[in-house]
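S.K.: Quick mapping for you: the protein sequence lines, in order, are chains F and X.
Count the first sequence with this note's numbering and you get residues 1 to 246, in order.
Count the second sequence with this note's numbering and you get residues 247 to 505, in order.
Keep in mind the hints are simulated off the structure, nothing from the lab.
Honestly, I wouldn't trust all of these hints.
[Unchecked claim] In silico lysine-lysine, PhoX-like type, Cα no more than 20 Å apart, as pairs:
1) K126(F) <-> K369(X)
2) K369(X) <-> K27(F)
3) K480(X) <-> K464(X)
4) K27(F) <-> K480(X)
5) K370(X) <-> K27(F)
6) K210(F) <-> K306(X)
[Said to hold, decoys possible] Beta-carbon label-pair distances, calculated as ranges:
7) G26(F) <-> E447(X): 35 to 43 Å
8) N251(X) <-> F2(F): 42 to 50 Å
9) F16(F) <-> S316(X): 44 to 52 Å
[Said to hold, decoys possible] Not everything, but these chain X residues come out facing chain F in the computed CB check (under 8 Å):
10) H276
11) G280
12) L311
13) Q335
14) N347
15) A349
16) F362
17) R366
Just so you know, even glycine gets a beta-carbon here, dropped at the ideal spot from N, CA and C.
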Amino acid sequence: MFYELYLVYQFIIKFFKEVFLPPYEGKEIMRQCYQVGYRSLALISLTGFITGIVFTKQSRPSLAEFGATSWLPSLVGIALLRTLAPLLTALISAGKVGSSIGAELGSMKVTEQIDAMEVSATNPFKFLVVSRVLATTITIPILTFYTALVGLLGSFVNVAMFEETSFSGFISSSLESITFLDIIASTIKAILFGFTIGMVGCYQGFNSSKGTEGVGKAANSSVVIGMFLVFIEEVLATQITFLFRT
Amino acid sequence: MQKNNRIEHPEERERVITIRDLNKSFGDYHVLKGVNLDLYDRENLVVLGKSGTGKSVLIKIISGLLKQDSGTVEVLGKEISLLNERDLQELRIHIGFSFQNSALYDSMTVRENLEFPLVRNRKKLTKKEKDYAVESVLDAVSLGQTINQMPSELSGGQRKRIGIARTLILQPKIMLYDEPTAGLDPITCLEINGLINEVQERYHTSSIIITHDLTCAKQTGDRITMLLDGQFNKVGTFEEVFNTEDERVKSFYEYNFIE
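Isolated chain F (complex conformation) (with noise of 0.2 Å):
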């Protein structure tokens, strides 16, 4: 378990060592911007969607019995923005993102594609683990900001049902109460979460072993310990943030 723990900081360590030193991976980073990107986009949308949805139908029953159904909006964008949707697509990328980087580097390491590019005078640590470990902690901040503004947008279908609202003033009323550590806090913990995620994937298919079950294994551990890891990210983001706003 301590082992264990003393590799996953090595692993980290190594990255920050990489990070800064030459040849850069440009191309790479891109590469795998538009991969992670492009795998979540679809299923972020949707998720994004139905949530604003959901959300706001859930919630208008408890406003309009205190007759408060115009804080709708306000309600929905502070949720979207402090909470669901960097959790939704960080829950979404490890699921997608962290389980395909795990299984790739995985049957990439046993089927001794690492170690061809290491004797290729390549560096495969740069190459694989850097480029995409920041290209989730990139692109999963994007992701997040567009999480928060399909949702919003499924929110405002909701309340187009029920209300005559137009769409510019629904938008300006869901953002009034958003402050600007919200704005911060969520991009901190999108980056956080980004982050983890490549991490994760790229720790456990970067040292799987045994075959085909390692490489079912790495994708397994990724997601698990991947989502695990943005939960308790979560609550000590919440924590921090609120300090700041007492």
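Could you slot chain X onto chain F? The hints should help.
M.R.: Chain X alone, transformed into the frame defined by chain F:
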């Protein structure tokens, strides 16, 4: 069928790999027990042995993929275990490693597989020069028509050839072949054996060929040796190695050799 143009007395040539007292263990299993070996310039040295005797471990140590427990491995005058990451990468440019399962990058086409080492190690090359290098190694392995195919679309023999082509693109001085004929039909095995000899002649490489295929050993080796219980027995010609009373060598010959 014996190798044509077999090199006589390679010992008179310059040493490119020198291994002394090499030891390697995995847990309690002592795989290599004080191994000594020399590879001379432009020779093909075949290392025979049963599965699990440490043949692949040996070439993985030579290429720096594994670290030895003790002993020295000098490649082109440089002691592998003393090199830092950067110097090791520079040395690896001169070492080609053909993997048992080819280890082609699944997500890349044949062209991209071949260009991969080139793009990273010959940055100043123009596109025209890169195309020429890719085409000439594909020509060397007679697989020009596969340039835009994915590895999954290739046969086992074609994958082996492309794997060899990928190592040749950096024009290495040393080639390490890990079981080059494993899993191939007899006709394709003969083609691969021929290719190994062609590579030696065309690119003037010194090679270590790891195999348990005696036909491959006979057709490609200038010198042959056998790894038995973690140590090499005699190093010499095919006849010299197998003209022995050692039961372990005799049984290996009797059960494996197909003339």
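S.K.: Give me the numbers of the hints this structure contradicts, sorted from smallest to largest.
M.R.: Checked against the structure, the hints that fail are numbers 4, 8, 9, 10, 11, while the rest are satisfied.
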